[in-house]
Structure formats: structure tokens, C-alpha cells
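Asks: If you're matching them up, the sequences are chains A and B in order. Letter by letter, the first sequence follows residues 0 to 659 in numbering that gives the first Met the number 0. Letter by letter, the second sequence follows residues 0 to 281 in numbering that gives the first Met the number 0.
Hints were generated in silico from the structure; no laboratory data involved. A couple of the hints might just be wrong.
As the list claims (entries may be wrong) - Computed cross-link-like contacts, DSSO-like style, restricted to lysine-lysine with a CA-CA straight-line distance of at most 27 Å:
1) A:Lys204 to A:Lys46
2) B:Lys149 to A:Lys401
3) A:Lys65 to A:Lys145
4) A:Lys210 to A:Lys247
5) B:Lys122 to A:Lys401
6) B:Lys86 to A:Lys400
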Amino acid sequence: MRVDDHKPRVGVYICHCGQNIASKVDVHDVVEFAANLEHVELATENKFMCSDPGQESIQHDIVQGKINRVVVASCSPRMHEQTFRDACDKAGLNPYFFQMANIREGSSWVTEDSVQATAKARELVAAAVARVAWHKPLTSRRIGVKKSILIIGAGIAGIQAALTASQAGFKVYLVEREPSIGGHMAKFDKTFPTLDCAACIMTPKMAAVGKDAGITLFTLSTVESIKGFVGNFNVRVRQNPRYVDQEKCTGCGLCAQKCPSRKIPSGFEEGLGNRSAIYSPFPQAVPNTPVIDAEHCRYIQGKSKVAVCQKLCPKGAVDFTQEARFVDLEIGAIVLATGFESFDPTPLGQYGYGRFPEVYTSLQFERLNNATGPTSGNILTRDGRVPERVAIIHCVGSRDKKHKAYCSRVCCMYSMKFAHLVREKTGAQVFEYYIDIRSPGKNYEEFYNRVQEEGVHFIRGRVAEITDIPDDPKDQGRLTVIAENSLNRQVLRTPVDMVILSTGLIPADGAQQLSRMVGVSTDKDGWFNERHAKLAPVSSASSGIFMAGCCQGPKDIPDTVAQASAAAGEAMALLSKGWVSTLAETSRVDPDLCSGCRLCVQVCPYSAIEFDEEKRVARVNDAICQGCGSCSAACPSGAARVEHFLGQQIFSEIRALLSG
Amino acid sequence: MGLSYLFFPGCSYETAAGYRESTESVCRAVEVELNEIPGWNCCGASAVFSLDRTQGAWLVARVGALAKGEGSLEIVSGCNGCISAMKKGKKLLQKDQELLERVNQRLKEENLGLDLEDLNKLKVRHLLEIFVQDIPGQSWKKGSSEKKFKVAPYYGCLFSRPDLDLDDTEHPTLLDNFIRLLGVDLVEHSLGTACCGASHSLPHKAAARILVERIIRGMQVKNADLAATICPLCQFNLDSLQSGLDLPSMPILYFTQVAGLAMGLPVSSLGLDKLLTPYKDK
């Protein structure tokens, strides 16, 4: 039964929050104060308003017909606004006839003096009462959803999310810009702390993706555009030509063997090995169809009249007529899994990367150590020697305010993995230069202990310089690592044969562009922002867009896989019931006031505003609008207004605050 | 028409081994006019600043004020130490209004003055910057000589540090670029910014000699015939401390002398006879 909501009759409920509020704010005083405010019908208090008895007391007063507006003065609306809206709704009151006054984060937690805290609580309550009197009933609509999930990026995160969602019966579209899925993990040989073989645990999953009928895989592909809204995204995927017919190719590899254009530095090998113009990036690639690199293909570039691969292919699979094609998809939810790339250490001139051939990045070392890599897994210098002394330098680019202030989280562990592998394969002396060892994972600290016991030298100090000038002429040809051991305040000058820079992680190239396309914000370093650091770690602020793996921040494989499963789970939870409700606090453009200037169309970060060419006015799609208010702020004629944030509501609130 | 600059010679320019002679010859050849700031004083070096901040700041401000009187706030110098001291003085004065006022009171005695706006405009540049950045590249190709030598660039510590505005801090490249412009062989090595011993070369000769040995040896390992320097103190240390080292001798030239040789200017005009480690035509 709906109560009469013409004349506001406000119920004010002040929460003690145990001692959180009551220890600073004089709750009785605020209750008395509230009871005498205009529109207030009743004012009361409770130890925990969010508890069942607390909520029931509100519902009781609504059902009894005593009140038609509710103010709860307690914690942040981010905490319990939804709780109390639901409580109102269940009692038959429109949930938007509710307003929250934050007297915990806004007063008791941040005010030393009890008298001041009470005074501020009074003002916040008065403002909420003044505002709620002007509230309007709002409703949201239900919209059906497409039960399909788009996953962008097919590293271990994208693969895991794809397999999880497909297993549950959802249609999955997996988009990868490289010729093969697998991402960075496919480049690794061993993984910490168990040292199990990356290929052994990775390739079955990659193969499963290739075989899964529920997963449509787009390699060499990028997302061109995303339109629409949660549950109903329209996605256009651009698939670049492979020039090899996947149906006909058997993956025999003859084409790559005979290709005349051979000396192309391989991206998969991090520049340590070469590939041909027609190539498969690595033996376990999925799909296992070679790709032609148009830039280096002599036939495509017109430098050769004959395409050797086409002539030799026993199946006639080479097809130069292929062109980029566009595929339009209807998508319910999107999982971003674009991963990371390695920090380029060139700007750290003191480490000589690029000048000294024996200075490697960590990804280069992964390939150097990989059984399918350029040295077949033998750890060798560029001139083919087994190194006798190897330095590993932690935190290159990370924990460095000149570059990236954050810790990249995985480098300590993979550095120690490297140390173990170098010891095991070459017997070389290994020197690890670290700031702090960070090994907070299951069995990680144990791995640290194990590597110490294997005789690796741990030196606590940031390396100042790597130089090819030896102190002792007999070390000519070696590199000297100069650092202060900060534990004994000794400057060490250590000659070594090889240096590995444990470079930090940065967001993948293109992540920034994608973030704008999907309306997900990034932090100052470019990582995607999750909706809540603790309670919504795989959701974004845009509904229907989820994230997994390193695109949200550096993390290791166990965390990535856990997050990928979680992101798939969240996406499925959203789509399972078949509908979503639209936001009620959306923007509206009053067509009578709109001058058609289109400022709002430009500023809308969600592309929710369209321009009606016929009527020459802007129109908001309330299914996409997130109620951010950008349009309202930009609109010169006051035509764009956000429901629930109307002028009267805001100004009444401010007036009450200022008159306190 | 050539370019013209206000020039701050610093204390060592005149007495350094052929720096003035070679600078004048080369500047004439590429039509650069260097006009000495009349009445210039000591830059303060490192000593004055560590003893008396106000005095150091005043020395720099006075040079700036004199330059202003000449109608330009762009000053060119050939000494890393001078440039560093002036940049330091400028920074101090920019940050400290009260210091600037005190310094100006003293400047007023000579009817000079330098306000914050002037300071912000004050620019101190190395002669090398002028050569590479302002002079068209082809000017260096004019009378190219037949001489073949391999040159190792040496920047010293203060060219790219502590100010980070000019070149890569750890591995500057401006002198490398200049040597390439001259068309002579560049020897890339890792000791371009290694310490030459600085003012320790007098009181702690043995300690400085260890550093110089490292630098000379490093250049020789890379088969350099000679080194090009851009700072009088570096040049003096590398040149003078070589005696007594168990190494083949290595001529340490100014970059202006290298330019003169590469351009085929008369050898007698480059002051090469003043070098302690003699340069001989091959």
C-alpha cells in the first residue's frame, strides 16, 4: 500500500554504529534537534540501524502510515545506501524517498572534539531532511540481456575467464591482437614457486580454447568500437588478414622453412632470435596456423614476383586475397584482460641496457632459459659462453619515484626463480641486488629460503651503475656492477658475465585507448580502476564491464587466474537472471530548453547522449547513462538535468547546511 | 651573417692549454662572434657557495646584471664549472626572495640590478650547445682535412648534472653528436661522465691519478687516439696526471681543438703546443 507522498512527513533515524558514532556525537541531542526540524514527523535512535531490528523499525513506521520520507544518519552511502533503499522499497515506499546523512566518516571519525562533532552531525541531518523533502519518486526499468561474454585479451587471464564462462554455457567471444593466444605466460619456461613448467600447465588450456565450441576465437584482432549498454553491447571486431587459410593449413611448417625473408627479430623471442616473414610465433601456438607479416613479406612488398610459400604449400592454404574484415557481435558483458608489458629499461642509462649486449631484460632471460627459445634453454652469453657470474637487479623501473613508484609484485619472485635456474643450469655465482624481498604468497617465503640455501648471494642495495670498465684488467670483457650493500655499508664492485634487469610491469600498449572506449577509468599509472578495491575488485565503474589479471595492476599467475575466474563469475551472475534494471538517477535533457549545441554529447564519458537530427535536440539513453552529471554541468541552457540531483534538492541541502 | 653571443670566459679560459686559441680560430671559421662580458667576475666555483651562500649568489647575479646591461640574458661559457655555478646561483635566487633583495642592494652600489623576471630569463649555455644546436651542420664540413683519428668524448661530471634539463644525465650525447658532425671517428665508451678527480688533483694527487688511469685505460681499450674535453678542469686533470701512469700517452684535447683539426684549420692556430701530453700528427 502506497502512502500519501504529497506532504513530506520525514522519519529521522540516528545510528550509534556501536561506539563509532556515539563515542563522539551526542546522539540524544541530535535526535531532539531533528525532532524539531520542519517536515520531521518523528526522530529516533538505534545502536545499529543497518541491523534487522533497525531496518524493521523504519518499515514499521512506513507501513503504519506515520512517515513518507526517510533519513538515516549513519555511515557513508557507499556502505549502506542500498540497504536502506531496499528496506523502504520492501515497505512500499519509493526507494528514492530516502536520504542518508553520513555522520560517521563525515563527522565522528574525523572530528576530535565532541561538541563540534555533535554540531556537525546536526547540520548534516538538517541538510538531509531539507533535501529529502524535495525528492521525487523514481523508477528503473528491466531490460533483457544477451547471454554472451566478450573477453578482450587472451593471455592466461582471458583464457581462464573464457573457459570458465563457456563451461557454464555462456557464449564466449575471445579477442586477441597477436597471431596466437597465450600472452606472456606462453613465453615462460618455469613458474614460481613450484617451478612447474609453464608450457605443461598452459598449453592444455590453450588447446582447450581452440577446441571449445562455445568459444569463438578472434586472433590478429582488435576491438574497433563498443556501443550500447550493460546486457546489450554492440561490439565491432576488426580481424586482420593472416594470409593463410586456417581451414586448409595443416601446420606442417614447410612455408616458414623456405621463406626467403628470414632475419626478422622475433617479438616473441624478445629480439633474441629471428623469424621468417611467414611464421608461427611458437610451436604450441593456437591457432597453429602461420601468419604472414605483410611488412616483411617480399611478395606483398613487391620485392619478389614469386611467393615461395604459396608455391610450396601442399594444401594451397596461402591466400593473399584475404583482407581485414569486421565482425559485429551482440554482447551481454565484457571482461577486460589486456595484461601488461615490460618496463623498457633504456631510460635508466646507468644500467647500460642497449649499450652492453650482456644486459638482458627479464623477459629476454625467460626466452634465454626456455627450452623452445633461441638457445634451446641453455643459459649462454651472446658469444656462446656459459656465464660464471650473473647479477640480477631487482626493482628496475619499479619502486622508483623517477619512473614507477609502485611495486610490480612479481619481480622478487621471478628474480629468485632466475637465480635458482642459473645455479641449477650453469653453477654460476648469482648476485641478487634487492631493496626488500617481497614474497607474500603461499609457499613463496619457503622458496626464498630455498634459493638462499642454494648459495645465491643476496645483496641489499640498489645498483648505482653497471660499467664495462673493469677494476682489474683481467676482468676485461666483463661488466662490473657497482652497489652499496646497505646492510654492512660497503661499496661492492662485482665483475659479472651477465646482468638480468628485473623490469617492472606497465599497462599494455593500447590499454589507455581501450579504457576510453569502454568508459573505465585508469589510475595515474594507467591500470584500470576497479569499482571497489576490496569489495568489487573485478568490476568496473561501468556496469557490465569487468576486468581480470594485470590490466588492473601487477599480479602473479595464481592471482590472475583467481581474478579471471571471479570476473567470469561476476559476468555470469549479471547475465544469468536474463535482465538488468536501469539506473534511476539518470540524466534527462528537457527538449523545450535544449538549444541543440551538443556540448553534452561531447562531454558524456559513456556516449549515452545522442543527437536527434530531426528535432535538433539531445536525447539521453537512460540505459547507458550513469548519472555522472557531466552533461548537466556543461549544459549552457539548464536543459540537461540529472534526476535525484535537481536544483531544488541540492540548494535546499546547501541552504540547510549553511544555516546550521 | 654570423651569430653573436655574450661570452663568460671564466678563470681558466685564458690559461688553459690552447682553449682560447682554438675557440677563437674555430669561431672565426664558423662565423660565431663571442663578446666577452665587460667587467665579469669569478663564477664562485664550488668553494664560495659552500662558504657563503650570499656571496656566491651575488657573484652570479652580478654577471647576470652585467649581461643584462649588454642587452642579453643569454650567456655562453666553455666551462662546466662556471655553468654549474651559475645555474646553482640562479636557482638559489629564484627560490629565495629575501636573498635576491639582499643581493640587489649590493648590486645597486654599482648601479646594477637583476629582478626575478630577469632571473627567469637568464640562460647559461655551453659553447658546445651553440656549436651543435645553433650552427648549421654543414658549417663543420667546410675545409675537411685528411686527418684520421678516433676521438673519445669526455663530458665530465657537471655537464649533465645536477641539472637534468640539458642531456641524458648518465650518458649525455651532445659531444658524441658534435664529433659525428665533424666527420671524425667517434669512440663510444662508458667513462664520459666518470669523475676526473676534480679539485683533488692538487691535494690528493694519488687518489685522483687512480681515477684518471681508469678513464684513460677505458678509452684506450676502445682504441681511441685522443680524447675531446669540454671543461678546463677535466682537461687539466686528464692531461697532467698521465705522467707516471704505466699506459701509453693519450692526448687530451679541447673539443675546439678537435674541431680545428677536423676542419683543417692551421695547426699553429689551435694552441696544441700547450698540451702537457703532446699531440702529434699521425
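Asks: Could you work out which earlier hints the structure fails to respect and list their numbers in ascending sequence?
Replies: 1, 2 and 3
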